[in-house]
Amino acid sequence: MGLFGKLFKGPEIDMEKSNANAAKMRALFDHVVPEGAKYRLIFGYTEDVSRFNFGFVHGSKTKIGNLIVGWDEASKTIVVVPTVPDLSGCGDATFYRQGEILKAYRNKYPTDAFVIYPDKKGYIAINAYDWLDDESLYVYVSQEEELKAFTDFFQSQFATK
Amino acid sequence: MVWSDIAKIILVLLVIVIIGNLWFHFVDGLLEKIKGVLFPPKNSVWHTLPEETKQETEETKQ
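Residue numbers (this note's numbering), protein chains in the order written: chain A, 36 to 196; chain B, 218 to 279.
What the hints contain is simulated information worked out from the structure, not anything from laboratory work. Owing to the predicted nature of the structure, the values given are computational and were not obtained by experimental measurement. Just so it is clear, CB atoms sit at the ideal spot from N, CA and C, and this is done for glycine as well. Do not rely on the hints blindly, as some may be mistaken.
[To be verified] Derived pair list, reagent style EDC-like, types lysine to aspartate or glutamate, alpha-carbon separation capped at 20 Å:
hint, chain 1, residue 1, chain 2, residue 2
1, A, 98, B, 245
2, A, 96, B, 249
3, A, 96, A, 170
4, B, 259, A, 180
5, A, 73, A, 180
6, A, 52, B, 268
7, A, 96, B, 245
8, B, 252, A, 82
[Stated by the list, open to error] Cβ-Cβ distance ranges computed for the label pairs, FRET-style:
hint, chain 1, residue 1, chain 2, residue 2, range
9, A, 127, B, 250, 22 to 30 Å
10, A, 97, B, 235, 32 to 40 Å
11, B, 250, A, 108, 39 to 47 Å
[What the hints assert, rightly or not] A few chain B positions that, by computed beta-carbon distances, are all more than 10 Å from chain A:
hint, residue
12, 225
13, 238
14, 256
For reference, chain A alone in the conformation it holds in the complex (with noise of 0.2 Å):
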């Protein structure tokens, strides 16, 4: 390859530390949720904009939660894990059963955000994309395959609109 094939490539994803950490998700998924093997699992991440504006002076501020997301097609369930970007540790996991949830949708503005209320009293937005540079701030996964597959599962049997 020559000097402006590689100048132009862009980032390479390393498989090594992706795959690592693809075990790491599934281990602290499997020790939360009861049977957590039945799930396929992908890295999303929810995000908690607050702005201000002072005429002049007008920015943002946001805050990143990682979530370790899992779906099972047989009982059209999504479980989320929230986690950190180094996967040392996560939380408890939050169960969204289809048949329970008062809605679910996929955002189309301002992101393509996979959106579930449970009830009327709040929400949850997740963002996932196929692959995160940012290690500070997201888990370093490569997921393409798994995030078309939860995208079709999303859609076609999670949605309610």
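Start from chain A and add chain B according to the hints.
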């Protein structure tokens, strides 16, 4: 003279931006504290990565 005027305007804008950011973080921090007092976070459990998995992933890297 024109350059010094431009520099003064830039300096004033810079000060406004810095003060604005400090003010935002002050108000935001205050709101977070008030929220924390009024609605204390639920005691959620934190699970650490099982030791075997840590060792396995370290071995895989080596």
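Status of the hints after comparison with the structure:
1. With a CA separation close to 13 Å, the supplied pair residue 98/A and residue 245/B stays within the 20 Å bound.
2. Distance restraint check for residue 96/A and residue 249/B: the Cα-Cα separation of roughly 13 Å lies within the 20 Å cut-off, and the hinted pair is therefore satisfied.
3. Straight-line distance between C-alpha atoms of residue 96/A and residue 170/A comes to about 19 Å, which keeps the hinted pair within the 20 Å bound.
4. For a cut-off of 20 Å, the pair hint linking residue 259/B to residue 180/A is broken: about 36 Å separates their Cα positions.
5. Note on residue 73/A and residue 180/A: the hinted pairing holds, with a Cα-Cα distance of about 17 Å set against a maximum of 20 Å.
6. Annotation: proposed proximity of residue 52/A to residue 268/B holds, straight-line Cα distance about 18 Å (limit 20 Å).
7. Between residue 96/A and residue 245/B the alpha-carbon distance is near 10 Å, which keeps this suggested pair within the 20 Å criterion.
8. Taking the CA atoms of residue 252/B and residue 82/A, the gap is about 19 Å. The hint holds against a cut of 20 Å.
9. Under the hint 22 to 30 Å, the C-beta atoms of residue 127/A and residue 250/B, about 25 Å apart, fit the expected range.
10. Between residue 97/A and residue 235/B the beta carbon distance is about 20 Å. The supplied range of 32 to 40 Å is therefore violated.
11. Under the hint 39 to 47 Å, the C-beta atoms of residue 250/B and residue 108/A, about 44 Å apart, fit the expected range.
12. No beta-carbon of chain A is positioned within 10 Å of the beta-carbon of residue 225/B; the least distance is around 15 Å.
13. Interface exclusion of residue 238/B from chain A breaks down, the closest Cβ pair being 7 Å apart, not more than 10 Å.
14. The beta carbon of residue 256/B is kept farther than 10 Å from every beta carbon of chain A, the shortest such distance being approximately 13 Å.
When each numbered hint is compared with the structure, violations occur for hints 4, 10 and 13.
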